[in-house]
Structures are given as structure tokens and as C-alpha cells.
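Chains as they are written, first to last, in the working numbering: chain A, 18 to 975; chain B, 913 to 1510.
Some hints could be false.
[Claimed, not checked] Calculated pairs, SDA-like style, for lysine to any residue (alpha carbon to alpha carbon, straight line, at most 25 Å):
{"no.": "1", "chain 1": "A", "residue 1": "LYS481", "chain 2": "B", "residue 2": "ILE1460"}
{"no.": "2", "chain 1": "A", "residue 1": "LYS116", "chain 2": "A", "residue 2": "VAL95"}
{"no.": "3", "chain 1": "B", "residue 1": "LYS924", "chain 2": "A", "residue 2": "VAL95"}
{"no.": "4", "chain 1": "A", "residue 1": "LYS287", "chain 2": "A", "residue 2": "TYR313"}
{"no.": "5", "chain 1": "A", "residue 1": "LYS430", "chain 2": "A", "residue 2": "TYR641"}
{"no.": "6", "chain 1": "B", "residue 1": "LYS1479", "chain 2": "A", "residue 2": "ILE799"}
{"no.": "7", "chain 1": "B", "residue 1": "LYS940", "chain 2": "A", "residue 2": "TYR313"}
{"no.": "8", "chain 1": "B", "residue 1": "LYS940", "chain 2": "A", "residue 2": "ILE447"}
{"no.": "9", "chain 1": "A", "residue 1": "LYS711", "chain 2": "B", "residue 2": "THR1365"}
{"no.": "10", "chain 1": "A", "residue 1": "LYS797", "chain 2": "B", "residue 2": "SER1354"}
{"no.": "11", "chain 1": "A", "residue 1": "LYS514", "chain 2": "A", "residue 2": "VAL531"}
{"no.": "12", "chain 1": "A", "residue 1": "LYS715", "chain 2": "A", "residue 2": "ASP736"}
{"no.": "13", "chain 1": "B", "residue 1": "LYS1479", "chain 2": "A", "residue 2": "GLY893"}
{"no.": "14", "chain 1": "B", "residue 1": "LYS924", "chain 2": "A", "residue 2": "LYS711"}
{"no.": "15", "chain 1": "B", "residue 1": "LYS1334", "chain 2": "B", "residue 2": "THR1365"}
{"no.": "16", "chain 1": "B", "residue 1": "LYS1337", "chain 2": "B", "residue 2": "GLY1411"}
{"no.": "17", "chain 1": "B", "residue 1": "LYS924", "chain 2": "A", "residue 2": "ASN521"}
{"no.": "18", "chain 1": "B", "residue 1": "LYS924", "chain 2": "B", "residue 2": "ASP935"}
{"no.": "19", "chain 1": "B", "residue 1": "LYS1479", "chain 2": "A", "residue 2": "GLY801"}
{"no.": "20", "chain 1": "A", "residue 1": "LYS571", "chain 2": "B", "residue 2": "LYS1337"}
{"no.": "21", "chain 1": "A", "residue 1": "LYS687", "chain 2": "B", "residue 2": "THR965"}
Since the hints were derived computationally from the structure, they do not count as laboratory data.
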Amino acid sequence: NVSEATSNSPLPGVGIIIKGTIKGAATDFDGNYVIENVKPGDVLVFSYIGFNTQEITVGSNSTINVAMVESAESLDEVVIIGYGVTTVKDATGSVTSVKAKDLNKGAIVSPDQMLTGKVAGVQITSDGGAPGGGSQIRIRGGSSLNASNDPLFIIDGVPVDKDGIAGIRNPLNTINPNDIESYTILKDASATAIYGSRASNGVIIITTKKGSSGELQGSYSANFSVNRNSDTVDALSADQFRAYVNENGLPSDIALLGNANTNWQDEIFKTGYGTSHNLSLNGSSGAFKFRTSFGYTNQSGTLKTSNLERGTFSVSIGTALLEDHLKIDFNNKLSLINNRFGDTGAIGSAISFDPTQPVYSDSPNYGGYFEWLQANGNPISVGAPRNPLALLEQRNNNSHATRNIGNIQFDYKMHFLPELRANLNLGYDISSSDGDNSIFDSATSSNLELATLGNISHFEQDKKNILSDFYLNYAKDLDAINSSLDFMVGYSYQNFKNEGFDRNNIQDRALTEVLDYYNELNLQSFFGRLKYSFVDKYLLTLTYRRDGSSRFSKSNRWGNFPSAAFAWKIYEEPFIKNVDAITNLKLRLSWGITGQQDIGDYYPAIATYLASTNTAQYQFGSSYLTTFRAQPFNSTLKWEETETYNAGIDFGLFDNVLSGAVDAYFRKTKDLLNFIPFPGGSSLSNAGNANIGKMENKGIEVTLSTRAIRSDDLNLDFDFNFTYADTEITQLTTNDGPDYEGVPVGGFDGGVGNYIQRHTVGYSPYAFFVFQQVYDANGKPIEGVYVDRNNDGSISNADRYRFEKPTADFTAGFTTNLTYKDWNFNMAWRGNVGNYVYNNVDSAKGFRDQLLNPSFPNVIENGVSNILDSDFINGGTNRYLSDYYVQEASFIKLDNVSIGYDFGSVFGETSNLSVSGTAQNLITITDYEGLDPEVGSGIDFNIYPRPRIYMVGVNLNF
Amino acid sequence: CLNDLDTVPQDKDIILADELFNDPATYKQVLAKIYAGLAISGQQGPAGLPDITGIDEGFSQYLRQYWLAQQVTTDEAVIGWADGSLPDYHEHDWNASNEFVTALYNRIIYQITSCNAFLRETTDGKLSARGVDGQLLENIQVYKSEVRFLRALSYYHAIDLFGNFPFVTENDEVGFFFPEQIDRADLFNFIESELLAIEGTLLAPRANEYARADQAAAWTLLAKLYLNAEVYTGTGRYSDCVTYSEKVINSGYSLETTYDNLFLADNHTSNGVIFPIAFDGLRTQSFGGTTFLIHAAVGGDMDPAEFGINGGWGGNRTTSALVNTFNSGIDLMASNNKIGDATSWGIVGSATPNSWNGPDVVLHQTNTTDVLQAFVSLVDGEIKFRKDNAWNGTDFGDDGSNIAVSAGLYKVTVNVNTQEFKLEKDPRALFYTEGQELEIESISTFTDGYAITKFKNVDQNGNPGSDSTGDFTDTDFPLFRLADVYLMYAEANLRGGGGSEANAISYINELRDRADNFGTVTSINLDFILNERARELYWEGHRRTDLIRFGQFTDGNYVWPWKGGVKEGVSTPAYLNLFPIPATDLNANPNLTQNTGY
């Protein structure tokens, strides 16, 4: 029997192996184990993540009970780094691991959402509440302006394609969260530089669960969840709207009012349900260890018609041959996803649509839905919102996708030189998807006459990505000079193919158009790493990587990315070693350069011509010609380079009752891959990709863990992380003049050509660029009056100023775990401070000319209740650009509360039953006036509300 | 293995530049792209693969941008939308950061660089290296002349709108460099020399395929350049304007007899169009061009179906200044005498010059028995018809009642037998007035200001264009047409350019005669020309240039409603006669100097 030393509770899943062999077993859920054919004198090795490994020599006793001791801050815990592993105590870079047990719980479809709020410096903002929706993931903010700011994801050694897969809301949700063993986040350059080319924005390594030795074990879990919106946008009620129109409208507007009282948001949203089943089997047979799992998830969103259905199948097989010299691991993860997408346009339409009108009309036309019609019965297709419910129910937009990620890895320890290891990893990431988007014939979509055609489109996509890595690793302890050496060199080849088409307007042959594409990207790299350790106190890691990308021309193709890191295990020094309070103290310093080449375009550096589509032809005489356009290109494009300095301290006090880490970093990016205006006449478009611009990021990250209470019945942990981050653009163009307003970004709803944000030298990217609103004595904004900041007597663009930014200055996460006897309780809080949001819902739907648009006298529209506060009338540009709408959106959220009970082995000895209940997205504390303060882009419009989710789950191990 | 890094496009729609011309048909397709540069915004209609960025693709289209700059800045148009800094145009408040000015500038340069790219790929050396000969070689020589015409056209827009402009030719390879700025006067010389150089190699007038440029297009552009030479260089070139106008006039074009037909979905069949920008509802789609012109002009109570579209965008109207130009302009006596003999019948009433007392406005005998006609300038009031200037029982009106009329210049037609009557305005005055106010209280209110029904996506029989969804239009835009050349001839003559004043007057009267005579002039002066250009050519992209040439765009006494952002209109500074070099380019290119005043 194996138990946990402090509580004496049984410890399941402990690996036991006879040293020098591959024979072994694992403990069951009562901590029992059996190993046969053990001879006296054999050494049994007991190992379990987070605990000190124990070796016990077998004597005559056939029963060996072991009490495992939690390792001192898990210093021996294995940490995955690029092309190899290290241990916590020997890591030199800023590396954070999160194990499955510490991840967010609940009805989570997408793996990234398990990590939200868990790691200092990692900001995960979901796109909204759609089932299986995506996230914006930022590690230490973004280091790029126009190139991708997404981190590199590596799943079981395969760097996966971060680009979306057509028809899937989030490419990561092809991984079943239940299969994930751990996340490892590489943040500083020393840790990431080994992935050179794509590591500027950090690396997230996902390791899935693997097979273990021993008897066949199974696990089945199921959960059922209910999700509903906790709040709606504050649109005027039917009575409020009636009063508003009666007071402010023309007689012709008032005449349009209906008698109904429709809450359109209630009409388009519903309670969603989800269910998930997972079955896994785990065991060994002969020399093979395996794990296989099946998962099924079905989740409907709160927006009517939106749904996700997913089946996953994973298999992992590992073996060791040739007396452990050759290890082979094979992993394959298959997922099948069916999506149906609700038209999110209905969310905006539900705010705008006149609440005094009924959902259904008396007429059978247009599916029986009420729509705005012209006098002749044809729809008003310009200037009138569509019936929100009809938008959902008269469209079927669905997709089907299959994705297969897998690899086979050979690791061979040379027979003649066991210190030398060769590793070959062959991986693939293949997906295939298709989808149909049908707007029914009865929908009113922009037709002159009664629509009869609807609109049908179809797409297909195939992506094939292959990987092969090879490296040699030589590790040797040089006892003579108290040193150890670990040297690795390798080569990596990756190829990405993306092929597909969209076929539009299928309902009408004359209009049908096929847009096809076929893109290929190739990346190749040579890399090496030297790890040197002296007296086991001073650690040095040097890495070097040379990367080639097919995106760049031959002469600019290769980039060189070195890094260096030094760590000092202070706690091993004699003067500290005797201080009982200090269990761990380590200083880490690192420097390195990483690269970026991901600008979306596949062929940005070569001269090509692009054919026009059928709808962009030109007439010569009586025929129409497909045209060819000389495409803009920049043959001088090269790698964007980010240089990072990092200093960190890891510490553990009082036997690790309190442990943590503090990191400070400074990051400079130069040669930004920037989409900038070109000098007019110098290129084939007015703007394009060039390596111009510089940016700086700096920040501090703090992680604290306390084991507040440890006793037989009661355990209490607190985990806290805190991040301060700041980003500043330091150069933007070749010729930054004082009058240059910067690059307009942040288009929003409410007038084409408006941009609310600017990239400007000296400011954070995406800073808001606004007029300063003037208020009256009662604090009410005065329409059209702004501060003349340049005192020239008139209000012009020159009076706009940069006001705040969307990113938070401070972010923090707080998790607590409490176990009492068979109960466990978990709670996760998260907060942002200093993030601002442009309230585009209020600015676009909060003025009279929007509700009673003089251009469209035959339609009235609803708006938000903000109009009653502002009394704004006009939709002029300046009003949109007022700082009145840029609102502080600092928040504290209670993301997650879960409670569970373990019934123990109720169905026989080897079984275990537990149940849990989880509530997600419970509390939001904020001053922000819109629906949800958490907005990745900083522009709040039409978010799919993040629902509150309640889940009950059951888990049975057998 | 390392060679795998040399990936090349596999998509059949993307072709390596080195391989494109392996197929001889592609020369013409690249030429078509340059023409299409005036019509559509990118390689995917209506939007999706834009040519230029930094602005909504729909707004980025060449004609839409050009039109906004030439029209919304003047008395002929207001636009109700608050998109970006769009209101700055009518308010004369634009600056170097205005994204519409920027987009127009970028569009013009884009067109020029496209032309240069074509010329670089078709040098004699490259053609012979590819073994091009025979008919293809001859065709390509014509294509090259057309491309040089199109480049001259865009440089003409540049000289007119921006004056001093970055200057690149086919000798400037693309790459990151800083183009030099050319002076306005030097740019004039370049455009002139280019047009003169290709005059001989373009196809003869009307000999080319529809929508492609010929000699008459080049001559028209030369005439326009010479007419404005004094603005561009300080030196008038009016006699050259007369010379090139005459060349066009003598090329065999005739006026379209029905004015309305010039702006309909089937206007490719209309006479008198020298160079159009072609659109097609199914095959040449964009959110600019006539799709914009037609949709944006429809709103209020207007029925979109009458315009062949699915809905109005409720944006563009006109000011009372344009409406009022139609209240004068003809020689009433001469016009009436031209109808036929004076009769004893007349028009009487409070709207006539002599009110209810007479003597009445004399009606003239037409070719049809009992049908009499008169041109008359009326004020708001009422009229009746009577004989012999007397209340002798002959009088009649509308079923016995007086006929209410609003102020304006009318052609009155009356059948004294049946007592049917008709009051017509200049048939070119295509205003929509129902539910619209003449004067503008608020620019954002569509019903303030008369709407204009000039451009429609229906054919002469009223059938809608080819796009059954009603989104995109078939109507071509008549960039150059004969009426403009007539008016240029007359103006250059008045400005001392020679030619014949008699011819000038007769050209004007041809414009007014057309199918349905609307008055006659016997003498002309420059004020008349400016007004007649408005009456004939409003909303066709000429107005800003015309007002500048007449010194009435800024700085003078001429104001119009909401000029300068003030309801009554105010004078605005003269530096606005040129648009600013956009801040984005000043920032990107240190060789550029901003225009004075900005």
C-alpha cells in the first residue's frame, strides 16, 4: 500500500517499477499495488508527480508499504522544455507548469479556458459565450503590432497550426480538455528561443495523458450543464420606447409604433444545455503501455440555434525496447466536430428592433415573421433592421470538421555510448472541414421583390501539416570538475498546406462564384543547446537557433536566434543551507532573441499577379474580361526580432508552506513586421508589409502559493498570481513627424471610416484617440461640445487626444482549494485593473437620429437606455469619438466555484465514485456600464454574452 | 530539402509575374485591370481583395472618391452621412488627416503605379525577348498608348486636386524608395507631352471597343487640361482648348437626344459618350461608382424600385443653389419667337410679371393646331390662361380654378381647345421634390434639400438592371461626353481662345434643343457658361474644377448653403483650392512638401 505521508490517505496512480527493468505497476484507488516476480534485492522505485521519488530494496517481506512525501516545492518535478525535459530545480528560464488538478473546472469545451487566470503574465480573454468559442491569448502582452501575437502551441511535441480551421470556432477545441495532463508555459527568451521562429509571443506546451504500467484501469465521467445569460443589454423597453417616440418623433414616426410589447433579447436567447461523456482506459500489455479515451460533448449556446457537438478519440502507446535503449511513443488525437452557428447579427438586431412590434405578422410572407416592409409589400432592405428571431431561424449555418493530430517519437540511447541520445519525432496535424450556410427562401434578404431565392453557400478546406524533428543529445556528468554537461543539436522541418474553396450564391447559377485557395508555408530550423552546471549550484544554458521561412526571399530567409541564461541555486550555498526557513531560493537571469514571421500572407515577398473573380471583371466591347492585378510585394521582408531580458527569483519558505516566484522582464522588438503606409508611388499598393517600427514591453510577474493548512482531514491552499505589464510603441514609420497622428486602428460600428484607436509612438498600442467631452453642472454630457485642446477656436481632429488603452495595467488571479475529509471545494477569482473599453453599444445605439433616422422615415429603431441619460440627438462623427464612451472596465470576476464529494470505493474494491458541482461566471464586479467589461479588442459591440454555467458531474473509476 | 523553402503559389488564380505573359491573352487582361481600376475597388466584386487599404473598401473606389471630392465640396451636392471626416468636404474643413482625401490620393497613385507596371512589362526589349510579334505586338502597342492615356488621366486628376504630386513613371521600379515631388507646372508639361505623344497611336475616334479609350478620349482630356491651364500653370492655353475641342466635335459624335438616357442602365447605347467608366450589376460590382451614385441619392419617400435598386442609402442631395440655376439662362423673347407666331392667348396671374392685370405673357403658335406654347419665368403664385388680355369669358385654368405654381423657368404648353395644359421645367432638372425641402436645415436629414434622380439602374423601358437582388447597377458613368466638349469650346472661345462665337452659341442651343426644345440663347457670357455647365453636367464630377476656374470655389463672394459649415454659407480660404498631401504620405516620404496653407 502506498499512502500520502502527512494525511495517511491512500495515493492512487503511483508508479512502481523494478529498477533496471520495465516491469512495474501502479497503485489503484485505494493505494494498493501488486508486483509479481520480485526477487529479494530488487530495488522498487516509487514515483509520483509532486512527490519525492523513493527507492526501496526488497527484503523478505512480500508487503511493502510506503508513505510518499510531497517533494519540496516539487523541485524534482519534471518540466518540459523545448526538445527535452529538465527539472524544476535545474530550470534556468521562466517556465510555469500547471497540472490538470489545478486547472479551471466546469463545463469547458476549449482547453485554453482551463488556463484562464492561472498563470502570471498569461492573459486569456474569451471571444464571447458561443459554445466552443475562441480566445485571445497573450503571454506578456503582444510583442508584435501587425504580425501575430498568438503564442506557439505545442501538443505532445507537435507545434500546431494556430490559424483557424474553417468551420471551427476555436482550433484548440479539437483537443478534449479531459485528455490534458498539463500545460507548460515558456515565457522568457531563454525558454522560448529554442523554438526561435515562432516563439516571440511565448510557448504553451500541452501534454496529454499517457498510459501507465499495470492493470487495466478505466475511468468514466459525465456531466450535465445548464447555461443561461445573467444579464441583457439595457435596451429601452416597449413602454420606454413608446414614450420616447411620442415625445421626440415626427407624426410619421409615431404612426409606425405598434401595440406589442416584445423583448427581443428574450426572444433570441434561451437556456442552453450541455452534456459531456468521457471514457478512458489505461494499462499495459507486455512491453506496451497504452491509454485510450473517448469523449462526447454536446453543448447548445444561449443564442438560439447555436450548438456544438464533438466526439474525440485519442490513443497513446508507449514502449521501451532493447533494454530500455529505444523508447517509442505514439500519440493520435482525432476529433470530429459539428457546429451550428447562430447569426450573431441577431444580437445587435435585438437591441435595434422596435419592441412595439410583434414577433410574427399576420401575413404568411417572409416566414410569417414581422419585417419592415415598403408600401408595396416588398421588404425595406436598406436602413431597416431584420427581425432578430428570423435572422436565427431562417438560416442554417453549419459545419463539420475532422482533425487528427499525432506523432511518433523514437528515442534511442546509444548502446555504445549511453550518454548520447538520438531523438526522431515525426508529427502531423491534418484537418478537413466543410460547411453550408443557407438562408431560407422566405428570408427577406435584400431583394427587390418577394424573395424566393434565399442564399446558399458552401465551403471546404483541407489542411495538411507535417513535422519532422531530429536531435542528438549528449549528457555527461564531469565529476572531476564538479560539473555536468548537456549538449543538444537538432534540425526541424515543418510544412503547412492549406487548400480549399468557398462557393457562394449557389441558389442562382448566374451569380455562383467559387473562390479557391492553395497556400503552402515551409519552415526549417537548425538548433542547439548547451546546458552546463557547476557544483550543482551555478547553471548556464546557451541556445542557438537558425530559422528559415518560405515567407521571405532567399536573401532574407534565415534568422539567427541566440539566448543565454544563468541560474544560481542560492539555497545550496552554505550560508543559506542552514537557514531552516528557506527551502528554496534561486536566482535566474536570461537574455535572448526570438523571431516572428507570421504575417498571414503566404507569399509576401514575391511578385505575382492575382486574377479577379467573376464579379470583378471589366467590359471591353461586348465581352467581360477577367483581370490580372500586379500584387504588392516586398522582397526585402525579413524576420522581426524580439530581444528579451528576464530576471527572476524562485523561493520557498517554511518547508514550502509559502512558495512562489517573481519575474521582471524587459522586451524590445525591432524591425516590426508592420503593415504601414508606403511612400506613394513606391509600391503596388498604398500600404503593405515592411520591417519598420519598434516596440517595448516590460512587466513584473508574481506567483505565490501557500499551503495554509495541512492536516489529516483538512487541507487549504491559496494560489495567487499578479502581473503588471506595460507596452509602448517606440517607432512607427521611417519618418515619425510630430504632426503624425499615428496609424488609425479600431474600426467600429456607426459610420464607415471612423477609427477610435491609434498606434502612436510613445503610447500603448491601440490607445483610444478621442475628443474630450464637456459636461454641464449636473454631469450630463453637452452634445457637440468638446474641449478645444489646442486652443485654436475650433474643434477639429487636432483636438483629439490619446486616452487610455484596452489592455490592463494589472491582472491577478486567485485560487483557493479546500479539502475536508471527502469533500473538496475550489474557487477561482480573477481581476483586471486599468483596462478601458469603448462602449460602442451605447455610441451606436444611443442617439435620436439612430432611433428616428431622418434618412429612413419609414422605419423606427430601438436604442439603449443611455439615450435617456445623454439625450443625444445627432450621429455626427465627433459624438462617436467622444471620451464619454471610453469607460474604465476594471473588474473582478468570480470565474469558478466547485464543490465535490468522494464516495470512495462504493462499487467494489478497485472502484471510486465522486460527484461534483460547478458554477462558472458567477460574479462580476465592475463600474463598466456595458454588458461585460472583458473585451479583448477594447471595442464593445455585439458580444455573444458569456453565460453563467451550472454543471453537475460524476466520475467513476474502475 | 532546403529547397522546400522556395514555396510558390499553387492557386490557379495567383500567377508568378515571370510566368504570367506566357499566355498572350493576359496582356489584355492586365490592361483590363487598369481600366477596372476606375470602376471597382479590388479583385473580388463587390469587396474582399482591395487594391488599397486604410479605408472601407466600398469607399475606396476611384470614381466614388473622385466624385465626393469634386461634388460634395460644392453647391451641387451634400451628403448626409457622418462617416469619418466625410462632413469636412461640404464644410470646407478638411486637413491632411482626412481619410477621404487620403484615399483619393492613394487611389490616384495606385492607378499610376498600375500603369507604370504595365509599361515596364511591355518594353520593346521584354516583348521581343518573349517573342511577341505580329498582330499581338500591334495590339500591345495600342494597349500601351491606352495605358499612357489612363496614366495621364490620373495625373490630370492629381494636378487638379493636389497640384504638386509624387512623380513616378515606368522608369521607377517598385521597391521601398522615396519618389520626388513634381511641381504643378512641370506635371502639366508631362501630361501634355504624354497625350500629344500617344495621339497618333491610339485608335481613331469610335474605332475602339466600347469602354476603351481612343483618340477622342485623349483629345477631350487635352481640351480639359488646356481649359484649366491658367489655374495649373498661370498661363492660359485657350486656343489649344478650342483646337482639341474642335477635333472631338468633328469626330462624328452626336448628342443623345433624350438627356435622361445618358444615365440609365442601358446608357452604353447612348450617343455622345466619349469615354465611359463601365459597370455591370453582375460582373463589375463595387460599392462605389454608379452603385454608390444611385443608392446614395435615394431616400425619403422615393421608391427604390423606380431606380432599379433594392433600397436607398439616404445620403446625397443638392442645395437650392443648383435648383436655382434652372430658373434662368435663356433668352425668353428669342425662345418664344422660335416656337412660332405670337397669338392673342396669354398667361396671366400672380406668378407672372404683370400679375393679374396683364398685359399677359404671350403664347405662341406651335406646329399643332390649338397647341400654344411660351417660355416664362414665374414666381410663387397662381396662373390662368385667357385671350386678348381680358376677362372675356375665355379664361380657363385647372377645371376652372387657378393653377398654383412655384417659382421657376417654365415651358408652358396649352391646348386652347381641350383646355389641357402642361408646365415643364428644363428636362435636365431631374429633381425629386415630394416630401423634400428645398432649403437644408440639417445636412444629416435626407428630406432637407432636393434629391436628384439623374442616375438610375433602369433601362429606357423602365426595366431594372441585371442584378436581380438590386444591389449593383449596370449604369455606366459618362466620364467624358460631347456636351462637356461643346461647353469647353464655348468657354475657351469666350476666354479668347479663338474659334467661332456663332458656333459656340449654336452648340449651346443644340444642348437645349435636343428632342424637346427648352429655349434658346442668342448671346453667351462666362457666367452663363458656368451655370449652363451646372445645368448640363451636374453630379458628373466637374463642379469643383469649374468653380475654381471661375474663381468661385473659395475666397470670393460666391457662397452656397452650408458652405463652410454655416447654413447661409461663408467664404472659405483660398488654400482649399488644392487638397493637402495626406499626412500618411508626408510621414512616409521625406521628399514631399505640403501644399501651402495646410
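For each hint, the structure was consulted:
1. LYS481/A with ILE1460/B: Answer violated: LYS481/A to ILE1460/B is near 61 Å, above 25 Å.
2. LYS116/A with VAL95/A: holds (12 Å)
3. LYS924/B with VAL95/A: Answer violated: LYS924/B to VAL95/A is near 49 Å, above 25 Å.
4. LYS287/A with TYR313/A: holds (23 Å)
5. LYS430/A with TYR641/A: violated (67 Å)
6. LYS1479/B with ILE799/A: holds (22 Å)
7. LYS940/B with TYR313/A: violated (56 Å)
8. LYS940/B with ILE447/A: Since the Cα atoms of LYS940/B and ILE447/A sit roughly 41 Å apart, the hinted pair is violated (cutoff 25 Å).
9. LYS711/A with THR1365/B: violated (52 Å)
10. LYS797/A with SER1354/B: Given pair LYS797/A, SER1354/B holds - Cα atoms ~24 Å apart, limit 25 Å.
11. LYS514/A with VAL531/A: OK: LYS514/A and VAL531/A at ~19 Å, within 25 Å.
12. LYS715/A with ASP736/A: Holds: LYS715/A and ASP736/A sit about 24 Å apart, inside 25 Å.
13. LYS1479/B with GLY893/A: holds (16 Å)
14. LYS924/B with LYS711/A: Answer violated: LYS924/B to LYS711/A is near 37 Å, above 25 Å.
15. LYS1334/B with THR1365/B: Judged against 25 Å, a Cα distance of about 21 Å means the pair holds.
16. LYS1337/B with GLY1411/B: violated (32 Å)
17. LYS924/B with ASN521/A: holds (18 Å)
18. LYS924/B with ASP935/B: With Cα atoms ~13 Å apart, LYS924/B and ASP935/B stay inside 25 Å; holds.
19. LYS1479/B with GLY801/A: With a Cα-Cα distance of about 17 Å, the restraint between LYS1479/B and GLY801/A holds, given a limit of 25 Å.
20. LYS571/A with LYS1337/B: violated (69 Å)
21. LYS687/A with THR965/B: holds (24 Å)
The structure is inconsistent with the numbered hints 1, 3, 5, 7, 8, 9, 14, 16 and 20, although it conforms to all the rest.
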